[in-house]
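From first to last, the protein sequence lines stand for chains B and S. All residue numbers for the first sequence refer to UniProt numbering, where the first residue is 1 and numbers rise by one. All residue numbers for the second sequence refer to UniProt numbering, where the first residue is 1 and numbers rise by one.
It should be emphasised that the hints constitute simulated quantities derived from the structure, not laboratory data. None of these values were measured; they are calculated from a predicted model. Heads up, the beta-carbon is just placed ideally off N, CA and C, and yes, glycines get one too. Please note: incorrect hints may appear among the correct ones.
To be verified - Using C-beta positions, here's what the derived DEER-type ranges look like: (1) S:Gly35 <-> B:Arg83: 25 to 35 Å; (2) S:Ala107 <-> B:Arg83: 29 to 39 Å; (3) B:Ala40 <-> S:Thr38: 34 to 44 Å; (4) S:Ala84 <-> B:Lys2: 41 to 51 Å; (5) B:Asp48 <-> S:Thr38: 33 to 43 Å; (6) S:Ala39 <-> B:Arg83: 21 to 31 Å; (7) B:Thr44 <-> S:Ala92: 25 to 35 Å; (8) S:Ser126 <-> B:Gly43: 35 to 45 Å; (9) B:Met1 <-> S:Ala107: 20 to 30 Å; (10) S:Ala133 <-> B:Lys2: 18 to 28 Å.
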Amino acid sequence: MKIVTICGAGIGSSGILKVNAERVLQRLGLTASVVAADIASVGTVAADAQVILTSAEFVEAIGPTRADVIVIENYFDTEELSRKIEAAIG
Amino acid sequence: MTLPPLADRAIVVGARAADWREAVRLAGDALVDSGCTTAEYTEAMIRMVDDHGPYIVIAPGLALAHARPGADVRCEGLSVVTLAEPVEFGHAHNDPVRVVIGLAGVAPDAHLASVAALANAFNDSSAIAAVAAATTRDQVRAILQGRSGA
Numbered sequence: 001m002k003i004v005t006i007c008g009a010g011i012g013s014s015g016i017l018k019v020n021a022e023r024v025l026q027r028l029g030l031t032a033s034v035v036a037a038d039i040a041s042v043g044t045v046a047a048d049a050q051v052i053l054t055s056a057e058f059v060e061a062i063g064p065t066r067a068d069v070i071v072i073e074n075y076f077d078t079e080e081l082s083r084k085i086e087a088a089i090g
Numbered sequence: 001m002t003l004p005p006l007a008d009r010a011i012v013v014g015a016r017a018a019d020w021r022e023a024v025r026l027a028g029d030a031l032v033d034s035g036c037t038t039a040e041y042t043e044a045m046i047r048m049v050d051d052h053g054p055y056i057v058i059a060p061g062l063a064l065a066h067a068r069p070g071a072d073v074r075c076e077g078l079s080v081v082t083l084a085e086p087v088e089f090g091h092a093h094n095d096p097v098r099v100v101i102g103l104a105g106v107a108p109d110a111h112l113a114s115v116a117a118l119a120n121a122f123n124d125s126s127a128i129a130a131v132a133a134a135t136t137r138d139q140v141r142a143i144l145q146g147r148s149g150a
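If we strip away everything but chain S, and leave its shape as in the complex, we get:
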């Protein structure tokens, strides 16, 4: 189970974000730039945190920005944003965040293959720090697609 190819436009390395909203917006913009979502999906991802709190910070240093499948999702998509300076989301255990993954799915089931591949990559406890430290898109791709040792 490997991730689908990550387009250049879906990866932003060493970005700067003033706060968590900006960080999530960068991940949303990368999905929009990849042609997978509309700007409304980005706003929906931010609303998730406004409504439910910083639960999207699912591991130390990593936020998984996402919202419901809907008309604002054109295709299944994934984006990766690494932050030059970490950002606080207000999470009790997993702050600060250095890597934001943006995830868009057309339907909950179609989604699961990508989610399983993401789990594969990040069940390696060194993967988040490695992605955060990556300086090129190819390095990010290699870590997420399980080729970090190659």
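The following block holds chain B by itself, in its conformation from the complex:
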């Protein structure tokens, strides 16, 4: 299982999403590798991903993908993350 978090720079906000997604996965008892990447490299980094976590701003730029694209509104809200990740892969 691979989850990719996407933002403009590949650090910063995608890093926050990565850290919090890992916390949520651990709480849910799920195993996945979580990788933070920038929007420019989404095509290669997310080619084998099941889930992409990002902001609404990047959905269009991600383009066609086999991964579930999940939009997160509050990056610090682990309940929102938990609910959405569980719905996607739980």
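Following the hints, put chain S in place on chain B, whose structure we already have.
Frame of chain B; chain S shown alone:
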């Protein structure tokens, strides 16, 4: 996991910004004043929003201004700016912004410890309002470093 010490120069309390650009610029100036970045990094942070939209507003009331690691970053750094009057970034859910965090990293991996510590502080849902309401740098430091109850 706690944040590295936040220098006085990295914290600006009760600033005034006419718009989101000015707000991001204040966070960039604080990074420059701390010796962590050059003015080019501040412009790169603003360009991120110009290019990709207000995605840096990652929680209600909070913007995480950042750009790519590069020659304009001298050391890993963090700055905090609280705004006397909230500013609209144009975000669908999380406007208006009262707290702007500036983040600079020399490399994506080196960055993660600070990011994890930031997540620690802000996973407490009352932390953003508490930082926004802080009137001194020490109060801001205490909340971010998880000593708000101390």
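Hint check:
1. Roughly 42 Å separates the CB atoms of Gly35 (chain S) and Arg83 (chain B), a value that falls outside the hinted 25 to 35 Å.
2. Between Ala107 (chain S) and Arg83 (chain B) the beta carbons are some 33 Å apart, a value that agrees with the proposed interval 29 to 39 Å.
3. At roughly 23 Å, the beta-carbon separation of Ala40 (chain B) and Thr38 (chain S) lies outside the given 34 to 44 Å, and the hint is violated.
4. For the hinted restraint 41 to 51 Å between Ala84 (chain S) and Lys2 (chain B), the CB-CB distance of approximately 44 Å keeps it satisfied.
5. The supplied range of 33 to 43 Å is met by Asp48 (chain B) and Thr38 (chain S), whose beta-carbon atoms lie about 37 Å from each other.
6. Our hint of 21 to 31 Å for Ala39 (chain S) and Arg83 (chain B) is violated, since their Cβ atoms are close to 41 Å apart.
7. Between Thr44 (chain B) and Ala92 (chain S) the C-beta distance comes to about 29 Å, which sits within the given range of 25 to 35 Å.
8. Range check, Ser126 (chain S) to Gly43 (chain B): Cβ separation about 39 Å, and the 35 to 45 Å hint holds.
9. Against the hinted window of 20 to 30 Å, the Cβ-Cβ separation of Met1 (chain B) and Ala107 (chain S) comes to about 26 Å, which satisfies the hint.
10. A beta carbon spacing of about 40 Å between Ala133 (chain S) and Lys2 (chain B) contradicts the range 18 to 28 Å that was offered as a hint.
Checked against the numbered hints given earlier, this structure breaks hints 1, 3, 6, 10; the rest are met.
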